[in-house]
Every structure is written in C-alpha cells, then in structure tokens.
Amino acid sequence: MIVGNGRIDGRFASTIDAADLVVRLDDCRSQGIAGTRTDIVAVRNFGQPAGSMLASRKWQSQAAVQQATEIWGLSDPKKFNAIRPLVAVLHPELRDFCDDHSGEFDRLCAATSKVFRVVDERLHDWVDDALRFYGPGPYLVPSSEIILVAAVLDRFPRANVTIIGLEHSGPAYHPFAAERRLVDEYVAVGKLRRLEFAPHRWPKSVQVAESHW
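When we follow this note's numbering, the leftmost residue of the sequence shown carries the number 1, and every step to the right adds one.
Derived from the structure by calculation, the hints contain no laboratory data.
Among these hints, one or two may not hold up.
[As the list claims (entries may be wrong)] Okay, the calculated beta carbon distance ranges per label pair:
1. Asp17 with Ala82: 35 to 41 Å
2. Gly190 with Pro85: 38 to 44 Å
3. Pro157 with Phe133: 16 to 22 Å
4. Ser52 with Asp120: 38 to 44 Å
5. Ala82 with Asn160: 18 to 24 Å
6. Thr36 with Asp125: 33 to 39 Å
[Unchecked claim] Here are the simulated lysine-lysine pairs, BS3-like style, with alpha carbons at most 30 Å apart:
7. Lys78 with Lys191
8. Lys58 with Lys191
9. Lys114 with Lys79
10. Lys114 with Lys191
Ideal Cβ placement from N, Cα and C applies to all residues, glycine included.
With the sequences and hints as input, model every part of the structure.
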C-alpha cells in the first residue's frame, strides 16, 4: 500500500492497515485518518523539503517515522548533481533544489536502528523513459510520487500494489500530467490498484484527509 498526502476517505483506514506493507510519503500527514500502520517512510532527500524534515523534531518524533523500519530517499545524487547547472539557469529561485541531505538521513537511520536506502539513477532513467510516451514537455525531474511508485514496483515485482492519496498535481517543474497518464495506464493493465477519492458519493460524516499542496 502506497499512501500519499492527497485527499483520502477515512473509510479506507482499515484497508490500509491490513496491507502486508505500508509506505507513506514525506511528512505522512494523512496518518490517522488514513490508518496508522507505517513500515516505510519515503522522502525527497534533496532540497528544502529534506532540510525541513531533518530540522523538525515533530517530524522525527511522529508515530509514522518512529514506527517505520526503513526510510527511502527518492532522489539519486548522480541525477540531481547532473541537473544542478540546468536548475541554476532555469529556476534560480530554487537555490537549494539540488542540495543533498542523504548523509543526514543515513545518520538519523543509523541512530534509530532503521535502514536507509536511496533509489539509484537507473530507476530515475527508467521513469524518464516511461514518461516520454505521454508527452511530458520540459521538466526538471519526475515527482517523488512517481519515483515511489516505480521503486515499490521494482523492489516488490510480484506484489499486488495499491495506491491512495496520489493526486499528481503540484509544481510545474514536475511532469504531473504525464505521470497521471502513466499511472492510469498501470491501473488499466492491472499493475496497480487505486483507491479513489470520490466526494460526490460520500455522506457528510465521512472524514477526509485534505491535500496540502
């Protein structure tokens, strides 16, 4: 079960917790409404989001991070070092976009008896190749959402993988439209299952975890 930070129907909480393995993204803000089980926390280990999480005692002490046995870094250092000159020219406002915090996450995991893994350049390249078919247009890197989906499918090739709370929207330097089309295709052919957010079918009493884009 891959749990993103988009809108989630609270009625799926027991389904999430019943999965064999639950992966949550970044600050795991939907934990609670979206169940409580967390085996892996997947983070963007570069730039301001990474720095903010590492500097936050709240993030480090929250139940999802405490419970997780692994933290995955979704940004490969080789890939981000390669695009640093491009980012400096096209997006000078993103001054820390390519700053690597992998070492800090590694030390945090060592101190808390967790395993730290970083996806490699091969996986980034595979996602780039897959997205080309859907006409992504110019972008810097794929989003953490799609890298996480690829990482789970790569590590657990025989698993039945379900996604929830992935909304495929956000900053323009990620190819979200192409990512949605790729995920839709995977759902259509049975590589993924998606638990849908469908508010028009819900009673008012249903709890919903709102997106914080």
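| request: Of all the hints given earlier, name the ones this structure violates by number, lowest first. | output: 4, 5 and 8
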